[in-house]
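Colleague: Sequence:
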Amino acid sequence: MNKYFTTKTITTLAVITALNLALSYVVRIPTPGGYVNLVEAGIFLVALLGSARSGMIVGGLSGLLLDLLAGYAAWAPFSLIIHGLEGYLAGLIGAKKSVMSQTIAVLVASLVMVVGYFFATAFLSHSWATGFASIIGNIAQCAFGLVIALVVRPALSKRVSLN
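The sequence shown lines up with residues 38 to 200 when you count with our numbering.
To be clear, the hints were calculated from the coordinates, so they are not data collected in a lab.
Ideal placement from N, C-alpha and C gives every residue a C-beta, glycine not left out.
Among the hints, erroneous ones may be present.
[Claimed, not checked] Pairwise CB distance ranges, derived in the manner of DEER restraints:
1. W165 with K195: 42 to 52 Å
2. A166 with V52: 38 to 48 Å
3. I47 with I118: 13 to 23 Å
4. A55 with Y109: 13 to 23 Å
5. L106 with F160: 19 to 29 Å
6. T43 with A166: 45 to 55 Å
7. A192 with F169: 34 to 44 Å
8. H163 with S138: 38 to 48 Å
9. T167 with Y41: 35 to 45 Å
Use the sequences and the hints to build the structure in full.
Modeller: Okay, structure coming up:
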């Protein structure tokens, strides 16, 4: 494989980022902890189908753009880092491996997201209590993402190449 992405891969990642952004911005799933979106599902899918680098790119850009479009500019740098790291770890640990390693990869990446947003929420709100309150919703969002990614990934693995 080349050191850099091909034009086809860059275009595919851009389209997936746009699709992930659109789905995450439009689809809201009600849970007891609030509404969750599908951004994690898209990040996990790309990371598991491609590589750590592709997961980081789609994760970081999706999180950043989602916050900017929603009007939460203060959150954008945190989302860029948290979702980028989440995608990178999911791809590093679980890309093109067994279902067990993919599940572990997604769980580790989810832990990074939950802990990252705990600290970001506590920092931006100046309250540890608000940080703790964000944990339930973030766990729900990661759980939805995990289930969707692991169910959809086998069907997409034969059709999508991100390397």
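Colleague: Now tell me if each hint is right for this structure.
Modeller: Comparing the hints with the structure gives:
At about 46 Å, the beta-carbon gap between W165 and K195 stays in the expected band of 42 to 52 Å. Remark: the range hint 38 to 48 Å for A166 to V52 is upheld by a beta-carbon distance near 40 Å. Between I47 and I118, the C-beta spacing of about 22 Å keeps the proposed range 13 to 23 Å intact. Against the hinted window of 13 to 23 Å, the Cβ-Cβ separation of A55 and Y109 comes to about 19 Å, which satisfies the hint.
The hinted window of 19 to 29 Å between L106 and F160 holds, with their beta carbons roughly 22 Å apart. Range check, T43 to A166: Cβ separation about 48 Å, and the 45 to 55 Å hint holds. Separated by about 37 Å at the C-beta atoms, A192 and F169 satisfy the suggested range of 34 to 44 Å. Distance hint check for H163 and S138: the Cβ-Cβ separation is about 39 Å, which falls inside the suggested range of 38 to 48 Å.
The hint said 35 to 45 Å for the Cβ distance between T167 and Y41, and at roughly 41 Å that hint holds.
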